[in-house]
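Using the sequences and the accompanying hints, generate a full structural model.
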Amino acid sequence: MNNVRNNKEMIQPTWFAPAHPAQIVMGFVIWSIWFIAMYGGLSVVCQLAPPDVEQGPLTWLNGGLLTFALLVIALLLFLAWRSGRYCASRHKASEEAVGFERFVGYVSTVLYLIAAVATLAGTLPVLVLPPCN
Amino acid sequence: MSDTKAASSPTASARQLARIWANLPGWGSLAAVNHGTIGLRFMVTGMVFFLIGGVLAMLIRTQLALPEQDIVSAETYGQLFTMHGSVMMFLFAIPVLEGLAIYLIPKMIGARDLVFPRISALGYYCYLFGGMIIMSSLLLGIAPDSGWFMYTPLSSSEFSPGPGSDFWLLGITFVEISAMAAGIELTVSILCSRAKGMTLSRMPLFCWYILVMALMIVFGFPPLILASILLELERAAGMPFFIVAAGGDPLLWQHLFWLFGHPEVYIIFLPAAGIVSTLIPVFSGRPIVGYRWIVIAVILTGFISFGLWVHHMFTVGIPQLAQAFFSVASMLVAIPTAIQVFAWLATLWRGKVVFRLPMLWVSGFLVVFVCGGLTGVMLALVPFNWQVHDTHFVVAHMHYVLVGGMFFPLIAGLYYWLPLASGRMPSPVIGRWGFWLTFGGFNLTFLLMHLTGLLGMPRRVYTYETGLGWDMLNLLSSIGGFIMAIGVALVLLDLLLHFWFGQRASANPWQADTLEWALDMPPAQYNFASLPTVNSRHPLWEDPQLAERIAAGQEGLAEANSGLRETYGTSAITAQRERILQLPGNSWLPLYSAMALAVVCISLLSRWYELALLTVVLTIGLLLRWSWENGGHPSAAPLDPLNSVDSLNKSTENKLPLESRTVDGPGRWGMIITLLANGALYMSLLFGWFYLWTAAPQWSAPDNGPLPLWLLLLCGVPASIALWLFQRLCQRLILGDAQQLQRQLWLSASLGLLHFLMLLVLFMMAPLDYTESAHDAVLMVILLYLLGHAGLATVLTALQALRVARGYVSASLPYEPQVVKPLWFYYLAVYWISVALFFMLPLGWGAT
Numbered sequence: 001m002n003n004v005r006n007n008k009e010m011i012q013p014t015w016f017a018p019a020h021p022a023q024i025v026m027g028f029v030i031w032s033i034w035f036i037a038m039y040g041g042l043s044v045v046c047q048l049a050p051p052d053v054e055q056g057p058l059t060w061l062n063g064g065l066l067t068f069a070l071l072v073i074a075l076l077l078f079l080a081w082r083s084g085r086y087c088a089s090r091h092k093a094s095e096e097a098v099g100f101e102r103f104v105g106y107v108s109t110v111l112y113l114i115a116a117v118a119t120l121a122g123t124l125p126v127l128v129l130p131p132c133n
Numbered sequence: 134m135s136d137t138k139a140a141s142s143p144t145a146s147a148r149q150l151a152r153i154w155a156n157l158p159g160w161g162s163l164a165a166v167n168h169g170t171i172g173l174r175f176m177v178t179g180m181v182f183f184l185i186g187g188v189l190a191m192l193i194r195t196q197l198a199l200p201e202q203d204i205v206s207a208e209t210y211g212q213l214f215t216m217h218g219s220v221m222m223f224l225f226a227i228p229v230l231e232g233l234a235i236y237l238i239p240k241m242i243g244a245r246d247l248v249f250p251r252i253s254a255l256g257y258y259c260y261l262f263g264g265m266i267i268m269s270s271l272l273l274g275i276a277p278d279s280g281w282f283m284y285t286p287l288s289s290s291e292f293s294p295g296p297g298s299d300f301w302l303l304g305i306t307f308v309e310i311s312a313m314a315a316g317i318e319l320t321v322s323i324l325c326s327r328a329k330g331m332t333l334s335r336m337p338l339f340c341w342y343i344l345v346m347a348l349m350i351v352f353g354f355p356p357l358i359l360a361s362i363l364l365e366l367e368r369a370a371g372m373p374f375f376i377v378a379a380g381g382d383p384l385l386w387q388h389l390f391w392l393f394g395h396p397e398v399y400i401i402f403l404p405a406a407g408i409v410s411t412l413i414p415v416f417s418g419r420p421i422v423g424y425r426w427i428v429i430a431v432i433l434t435g436f437i438s439f440g441l442w443v444h445h446m447f448t449v450g451i452p453q454l455a456q457a458f459f460s461v462a463s464m465l466v467a468i469p470t471a472i473q474v475f476a477w478l479a480t481l482w483r484g485k486v487v488f489r490l491p492m493l494w495v496s497g498f499l500v501v502f503v504c505g506g507l508t509g510v511m512l513a514l515v516p517f518n519w520q521v522h523d524t525h526f527v528v529a530h531m532h533y534v535l536v537g538g539m540f541f542p543l544i545a546g547l548y549y550w551l552p553l554a555s556g557r558m559p560s561p562v563i564g565r566w567g568f569w570l571t572f573g574g575f576n577l578t579f580l581l582m583h584l585t586g587l588l589g590m591p592r593r594v595y596t597y598e599t600g601l602g603w604d605m606l607n608l609l610s611s612i613g614g615f616i617m618a619i620g621v622a623l624v625l626l627d628l629l630l631h632f633w634f635g636q637r638a639s640a641n642p643w644q645a646d647t648l649e650w651a652l653d654m655p656p657a658q659y660n661f662a663s664l665p666t667v668n669s670r671h672p673l674w675e676d677p678q679l680a681e682r683i684a685a686g687q688e689g690l691a692e693a694n695s696g697l698r699e700t701y702g703t704s705a706i707t708a709q710r711e712r713i714l715q716l717p718g719n720s721w722l723p724l725y726s727a728m729a730l731a732v733v734c735i736s737l738l739s740r741w742y743e744l745a746l747l748t749v750v751l752t753i754g755l756l757l758r759w760s761w762e763n764g765g766h767p768s769a770a771p772l773d774p775l776n777s778v779d780s781l782n783k784s785t786e787n788k789l790p791l792e793s794r795t796v797d798g799p800g801r802w803g804m805i806i807t808l809l810a811n812g813a814l815y816m817s818l819l820f821g822w823f824y825l826w827t828a829a830p831q832w833s834a835p836d837n838g839p840l841p842l843w844l845l846l847l848c849g850v851p852a853s854i855a856l857w858l859f860q861r862l863c864q865r866l867i868l869g870d871a872q873q874l875q876r877q878l879w880l881s882a883s884l885g886l887l888h889f890l891m892l893l894v895l896f897m898m899a900p901l902d903y904t905e906s907a908h909d910a911v912l913m914v915i916l917l918y919l920l921g922h923a924g925l926a927t928v929l930t931a932l933q934a935l936r937v938a939r940g941y942v943s944a945s946l947p948y949e950p951q952v953v954k955p956l957w958f959y960y961l962a963v964y965w966i967s968v969a970l971f972f973m974l975p976l977g978w979g980a981t
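Protein sequence lines correspond, in order, to chains A and B.
With the numbering used here as the guide, the letters of the first sequence map in order to residues 1 to 133.
With the numbering used here as the guide, the letters of the second sequence map in order to residues 134 to 981.
Since the hints were derived computationally from the structure, they do not count as laboratory data.
These numbers come from a predicted model, not from an experiment.
Please note that a few of the clues may not be correct.
Unchecked claim - A few chain A residues that face chain B, going by a derived Cβ cut-off under 7 Å, partial list only: (1) Tyr106; (2) Val107; (3) Asn133.
To be verified - On the chain A side, residues computed to face chain B include the following (Cβ under 10 Å): (4) Phe28; (5) Leu77; (6) Phe78; (7) Val110; (8) Ala115; (9) Pro125.
Beta carbons: idealized from backbone N, C-alpha and C, even for Gly.
Following this line, the structure appears as structure tokens:
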């Protein structure tokens, strides 16, 4: 009976709660949206209003892309912190009841962190390369 | 522990189960839908195509062995390398791994079958017929010759006027139905029918790999399906999506192809890596090191692999920033691969490794694949990529990754699971000879090919002049190719001979931990005499008596009183039993449907459009007939309420309903996953639209849209009301209220029909010059897409109304409308997005 109750408790959280398995993929869903927005946005802006090539990397477009990426990284780090905190809280509970929740917390935390690193790595070229050349 | 009582007579129950799950005799076996039969058919057919692809490779190596040879002409050589690549990628690698997954997944997750068995059978026949159609072009000497990636404009009608490209486009699209079917079915089966207690954190790693692979198929194949449709429309109907002069762009093909093509590499790699992650712990005698990190790596691979496609296009003139962007992403994908490699090495390091035959192939995989991965990182660097682009270096890298990353683990897996399928052990002597010849021959062929490429030899040239420094390297590569072929022949011979001469295998011969080894060898068609409960990641290691209890009928669902094929439906997250799934038995409908589709394909190839139209109607009729025997239909689920609960649980409170008595289940999940795939196709079309707008050199759009906006807005009103009605009736059904259900469904269908007719009129009156303008051609496609979906939603709603009249849908059978509902939501979302992005937004563009 305990198992049944615990499992019911696991179903309760909404997709946004740190216990929900959707968190496992949420980090890279955010990364994917950033990726599409960055590549798509770059292409569209370069078509409609390309910055002056003479400006090199110091353009409003690169600045915008950097700002956008930093916001995304901040969001991912916040979510990683939230998942990590949840995971740590589950560590204090018994193995039987929360093994799955701990799994979700741990995997989500790492994937949020890697998504943040992947976003940062993908953003670095805007510091040195002109956007539309 | 099991929550059910032992069956009164295990032998009688087993006989009953065997009768229910048996294939029909003789020709009737063509109606088989059981996952074991279908999985084996996939694998055997895949191996036949592998042999054909291998022969083509030998012809290529024979031609290139010496300079200035003319054993085959340039034209034939073009057909050979195109067909070799196409056969190996589309007819061997993906199907054989799908077949392995289809065969193994239910056995690993403790189920009796996949959740949509008829879809498995349809997928197999589509694959078989599609493969035969493609291969027929080779026999007729009209095979495609533009490369397995079919770049435009080389594959367009101007430069490939013959039917070769059509065979590829139509045949591969036909085969892709099979891949999509497997992707959807495997996803839903893994999520919805795992053994009780097998939470996501206890799932075998192989299932994680297959789950991610299946989802990658769902999202990765639609771009190629769309690209193939667009190119075939260009070739057959003159719609100029890839023609610069009419506002198209040939680079759009490359984008769409590699949006599929790069994830495809990982779609092939992940199941193979899943085999490795399964075998290494078994032969190391300990659990894998870093289970959670491997899950992380697999998910990571699934996502990042979609962000690399442009590294195949570094030489086409993309802005530097975009190149750097994709270069970084390409290097990032090495991280999850490295995580897995280190986890495998750590497991080997900390275990007591037994080097049986499968481990030999795993070791070969580790060496070859790591080398291929390293050259992959080299190719991610833009300057190096430019230097070796389209040389034999790339061919060598690709074969190191694909043969090392897929073929070696596949053979390891075949050797590992062979005793399960046949009950016999392979020959270690022939097997070892096969391995060493394959390993040596492979490295001789492709290691040297890196050098040939660095010395500048381009791909796809049918011969070369002597004195360029390539002669000896090519000769040695060809010798290596033939040594490898002998090795592969020995392996196949071993696999074949073991059925007659192999030693009888003992139970669980490798001392493995996963559920499939709890089965008889070979397994019964129904897999498990009773369905197990799982309490750990390694059920057979931690519960050695589990196999005996399963066989004795002491676990769940041991009796089949309904006379139908049954398995448990479980919750996706916690793997609690929630319902009983009654699965369809032998059926001819998949074969008939695939045959009708094959006729559509052939009639399109022969440009006999009247026949194509006729068979499309026939196919739709067959598929609707198929859909009729579902849900609450008496042949799918008995209407007798006494049969709606688990017979073994009648005395307990834990009574499980049939799927059709619930409001959720695999059918609904299947619809949602299908719509995700559909959404990926739509997004690809949207990408094409924006790509042409921003990048096509001569894109032009009229100042005013081709359709009056207010009419489009008006047209959306009845569809929106239909959705609202449908949503409301579904909510009421969930609450048990079926009053005026039929009337509401008819009303909803009528509004859908009104919307469809309005859209049809708009389509007919739209002045689209679709043969002269890429802009108009894209609009034509989107309008046809909307019309098709509006028609489908309307027909399915009308069928629901008819089913209410027959008693298949009611307050006690509320399931089916819940399955149709997501289609309405999807369609409405797509309709309004299309109005906004295809018709409203361009008004702001002005003429460009």
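Hints versus structure:
The interface hint given for Tyr106 (chain A) is met, as the beta carbon of that residue sits about 6 Å from the closest beta carbon of chain B, less than 7 Å. With 7 Å as the threshold, the beta carbon of Val107 (chain A) comes within range of chain B, its nearest partner Cβ sitting at about 6 Å, so the hint holds. Nearest Cβ of chain B to the Cβ of Asn133 (chain A): about 6 Å, under the 7 Å cut. The hint holds. Because the closest C-beta pair between Phe28 (chain A) and chain B is about 4 Å apart, less than 10 Å, the hint holds.
Restraint check, Leu77 (chain A) versus chain B: the minimum CB separation of about 17 Å is more than 10 Å; hint violated. Residue-level restraint check for Phe78 (chain A) is violated (minimum Cβ-Cβ distance to chain B is 19 Å; threshold 10 Å). Restraint check, Val110 (chain A) versus chain B: the minimum CB separation of about 5 Å is within 10 Å; hint holds. Interface restraint check for Ala115 (chain A): the shortest CB-CB distance to chain B comes to about 8 Å, inside 10 Å, so the restraint holds.
At a threshold of 10 Å, the smallest CB-CB gap from Pro125 (chain A) to chain B is about 4 Å, leaving the interface hint in force.
In summary, the numbered hints that this structure violates are 5 and 6.
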